[in-house]
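Taken in order, these protein sequences are the chains called A and B. Mind the numbering: the first sequence is residues 0 to 407 in numbering that gives the first Met the number 0, read in order. Mind the numbering: the second sequence is residues 0 to 271 in numbering that gives the first Met the number 0, read in order.
FYI, nobody ran anything at the bench for these hints, they're computed from the structure. Given the structure is predicted, the values throughout are model-derived calculations rather than measurements. Among the hints, erroneous ones may be present.
[Claimed, not checked] Per the computed footprint, the stretches of chain B lying under chain A, defined by three or more beta-carbons under 8 angstroms from a beta-carbon of chain A, are:
id, segment
1, 66-79
2, 101-110
[Stated by the list, open to error] So these bits of chain B aren't anywhere near chain A, every CB distance computed over 12 angstroms:
id, residue
3, M118
4, F154
5, A172
6, F203
We put the beta carbon where it would ideally sit given N, CA and C, even for glycine.
Residue-level listing of the chains:
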Amino acid sequence: MADFLIGLGLPGWLAWTVAALVAAVLILNVIAGGALAFIWAERKIAARIQDRLGPTRTGGRFGWLQSLADGIKLLAKEDLMPEGADGLLFRLAPYVSFCASFCAFIALPFAFDVVGQRLNVGVFFVVAVLGLEVFGVILAGYASASKWSLFGAMREAAQVVSYEVPLGMCVVVPVMLAGTMDLVTIAEKQAGWFTNWYLFHDPFTFVVFWVYVTCAVASVNRAPFDLAEAESELVAGFHTEYSGLRWSFFFMAEYGSMFLVSALAAVLFMGGWNGPVPVATILGLSEGTGDTAAYLVRLIGLANLIGKATLGVLAMMWIRWTLPRLRIDQVMTTCLKYCTPIAAVMFAGAMLWQLFLPAGLLPGWRRPPGEVREGWLEGPGGSAVGHGVPVSGIGPASRDVLATRSPR
Amino acid sequence: MEIFHVGNTVMGGSALMLDTLLPFAASVPSQHVSLPFGAVVLAGINWHSVLFLLFAALTCAFAIGVVAADNVVRMALYLVFSLGSAAGLFFLAGAEFIGAMQLMIYVGGTLVLLVFGVMLTAQAPFVSIKPSSSDKTLAAVAGASLLALLLTAVFSVDAWLAPGAGVVPPPSATPLGMALVGVRVDDSPVGAPSTGRSGYMLPFEIVSVHLLVVLVGAAYLARAKRRKTPRAIDALASSEPFAGRAAVSGAVQVTGARAAGGSSSALVGGGR
């Protein structure tokens with residue numbers, strides 16, 4: 000995009016800045032707009048599961064303006080703060096949560112070439128940043144000067160720190176299969192029909208996907224793991240004392256993280272922007288066959304990825320309104336006694352499978368072309384390592400900015 | 000400890016090219032279109048330096064904030080911001096792996112510090128920490144001497160004072176991973192075996208075994224022990240009040256030690 004703007008006659012620094020701002024605003028809109036849509040969906044899904052109708056009147060037939068009405072109500076609410084609260088931390092906490100959620104989106108590829116910043120260590124970066132969201136929750140719990148908040152925050156800390164271990168192990172399996180931590184390359188290697196997805200790569204990856212789903216639900220604090228805000232025990236947990244817009248920032252961070260872990264699952268296990276059926280390939284479109292076709296391919300990819308991630312979020316809602324909440328010791332048992340060992344065994348299994356059955360079980364089965372590893376040992380300049388390909392996504396690398404603007 | 004972090008971050012900042020420290024040092028590139036004066040000035044700015052100065056200033060400011068704050072939780076928060084800005088410096092330098100590592104290990108590790116801070120400040124004596132003036136003097140002397148040493152060391156390296164090599168291709172994490180399992184791909188042509196420089200298999204294995212031992216040890220220490228002594232509540236019920244209170248406080252300490260696993264029951268003992 001920056002190149003396009005430079006072509007229009009803009010100076011380089013302005014082009015890069017505009018491109019970066021566009022990327023940032025797009026990501027913000029994914030989070031905020033996604034939150035609006037998902038809150039409405041959550042109301043409707045919860046209502047259906049509980050055999051009622053949910054919002055029906057606001058904005059017409061299905062109550063589809065309900066989230067917007069809620070948003071306006073939240074804007075108009077008074078911003079309260081408890082008397083004994085630590086003012087600075089209390090005000091800061093929602094933004095910390097939201098920023099962590101936002102930052103993780105930077106490395107997430109939405110379609111071919113549509114990525115905020117292609118990172119060589121994308122998976123690692125996303126998992127690391129996602130773990131920072133808990134800071135906001137702990138600060139909120141501490142600064143609220145309320146026992147309910149403090150309890151919620153400590154539960155959240157325990158839960159997130161514990162679940163990072165199995166989550167990391169699950170994430171490592173696709174990384175091992177792809178031979179890279181670059182999210183873009185991982186998704187590219189699963190191109191083609193849905194049989195190429197890592198979900199169906201071997202039985203171990205299939206199991207590890209479900210472990211990932213469990214850990215992802217736990218790490219974004221959704222029911223049945225939502226002990227941090229267990230409303231039947233802790234009033235509202237860490238955000239008991241929050242109201243108005245600050246409270247809604249927590250919610251946006253939560254829905255943003257839900258979307259993020261679902262999109263990460265889609266990229267790691269379900270082919271990223273490659274649909275179950277390679278529509279673009281069947282239609283004869285490729286990324287390089289001219290402007291319109293290239294945009295169409297990206298559009299299809301975008302629809303694929305967002306569709307998959309939305310499915311993941313809807314599944315999380317379904318789980319939330321179906322399963323009862325676990326106790327804290329059950330949460331810890333699930334993590335330490337089940338998820339971690341299963342993930343470890345599946346990791347070893349996937350490794351051995353890759354070692355002894357690299358061609359799969361079926362005779363005549365052909366591995367997808369993405370898995371041919373020749374040349375992936377090439378040095379930093381090699382294209383197979385993942386960084387030889389120039390990144391021309393919607394947003395520039397901060398480093399790319401510097402590369403262009405460097406005086407030398 | 001806080002002083003040490005000040006020195007540490009300063010060193011991390013100076014390890015970058017020193018000649019990029021001046022934001023206006025860049026030559027104004029030729030303009031293809033006519034621009035207003037402000038835009039020309041903006042175009043003349045070396046944005047690398049601006050971002051570097053921004054992150055470096057944030058790092059230092061929050062590091063000073065760690066020392067200046069008197070609340071443990073705020074200290075931990077400032078430490079998080081300082082370390083996060085240092086991660087930004089790494090990303091700026093193109094070292095994505097180290098940047099993500101910094102986020103994961105240091106910033107994520109400070110989380111535990113924060114949790115302990117929250118636990119400690121649940122009790123009144125630790126809410127505000129006021130070191131004595133002798134402590135402050137000692138810490139200032141130690142920190143200043145470390146800072147002086149590091150600055151001298153940094154400015155004595157000629158290679159860092161010379162202009163940088165320009166834009167280098169961003170390093171990938173793959174050679175690093177390969178080197179850890181014993182294959183050096185960075186110094187040999189593609190396909191050829193390594194040219195004598197061995198990888199880091201042995202250190203990698205030693206570290207792995209160390210971590211495994213630590214993991215087993217932690218599991219051993221944190222496991223649920225079979226009680227040989229009567230439970231605190233039984234002792235309370237059966238014995239006289241004084242002994243009972245001692246037993247209860249002992250039980251609270253045991254729970255507190257177990258709280259690294261995150262049991263919120265530690266808070267029952269030390270609620271505010």
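Against the structure, the hints:
1. 66-79: holds (count 5)
2. 101-110: holds (count 5)
3. M118: About 8 angstroms separates M118/B from the closest Cβ of chain A, which leaves it inside 12 angstroms; violated.
4. F154: holds, 22 angstroms
5. A172: The assertion about A172/B is violated, with a minimum of 5 angstroms to chain A.
6. F203: holds, 16 angstroms
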